[in-house]
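Listed in order, the protein sequences are those of chains A and B. Residue 153 in our numbering is what sits at position 153 of the first sequence, and the numbering runs on without skipping anything. Residue 89 in our numbering is what sits at position 89 of the second sequence, and the numbering runs on without skipping anything.
Hints are computed from structural coordinates only; laboratory data are not their basis. Be aware that one or more of the hints could be misleading.
[Stated by the list, open to error] Part of the chain A face toward chain B, derived, beta carbon under 7 Å:
#1 6
#2 62
#3 147
No residue lacks a Cβ here, since even glycine has one placed at the ideal position from N, Cα and C.
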Amino acid sequence: MGAISEFSLLVQVFLKTYRWRRIDPIPWKPLLKPLAQCRLALVSSAGFVLPNQPPFDEAKRGGDPSFREIPSNVDVASLLDTHRSESFNHSGMAQDPNVAFPIDRVRELEMVGRIGRVNTRHLSFMGSITAPGRLMRETAPEAARLLVEDEVDVALLVPV
Amino acid sequence: MCNQTVGLVAAELERQRISTVAIQLLREVAEHVRPPRALFVPFRHGYPLDVPGNPKRQHTVLEAALRILEDSNLRPPVFVEFQPEPDTGGPTKTE
Chain A
1 MGAISEFSLL VQVFLKTYRW RRIDPIPWKP LLKPLAQCRL ALVSSAGFVL
51 PNQPPFDEAK RGGDPSFREI PSNVDVASLL DTHRSESFNH SGMAQDPNVA
101 FPIDRVRELE MVGRIGRVNT RHLSFMGSIT APGRLMRETA PEAARLLVED
151 EVDVALLVPV
Chain B
1 MCNQTVGLVA AELERQRIST VAIQLLREVA EHVRPPRALF VPFRHGYPLD
51 VPGNPKRQHT VLEAALRILE DSNLRPPVFV EFQPEPDTGG PTKTE
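Using the sequences and the hints, build the whole thing.
Spelled out as structure tokens, the structure:
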């Protein structure tokens, strides 16, 4: 398990005193059909962008709540890490972006029939958001609407 | 903060009728935030699927997440610890 002790003392104090948001009530969508018939999308908070997309705004107070659409046929080697946090080691993501955005892996799951389809687009957030009000009110609902339009059944979410 | 962010996005997806499972790196954060389905992994921050360049290991983590989605007996909040199984490393052809 990752541990708060991985972080600097300053970050540890912040995390210990931060007012974490609480999901209540917890929404729940049961899976009603086999995964082999489901369309899957990835949602990563690793701050990845395509070379032609603007980076996440690391200067934005409270964190940048926007997201980027990443196409399913992306070459993971082309993804750029624009996550602003210096509290974790970025070298694994640089070596293999699949470690935080496993698009090659889910394509393989589609090929063997473990899942039905990989969605045509996936979503990338930059997870260092200390003031998530706009995320909760605006960008997360907008992101969800896109995946509903795509008739996505299941989403796998990956933090860093 | 990433753990909270994906939890909040997962909740919105579920509200809009998409089933979710979220990898989580910090149990104490997940217990506060309560994403609908969480797989706790024992890896460092920056390495949610563990080993870069190791598809077999990455598939092991993904398979654990998919099994949470498939378990119809679970009720929210679902907190599952990743239990590595050495022989479940790659995707298997489904007939």
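Now for the hints, and whether the structure bears them out:
A least Cβ separation of about 6 Å between residue 6 of chain A and chain B falls short of the 7 Å threshold, and the interface hint therefore holds. For residue 62 of chain A, the interface hint is violated, the least distance from its beta-carbon to any beta-carbon of chain B being 10 Å, above 7 Å. Checking residue 147 of chain A against chain B by beta carbon gives a least distance of about 6 Å; that is within 7 Å, so the hint holds.
Of the numbered hints given earlier, the model fails hint 2 alone.
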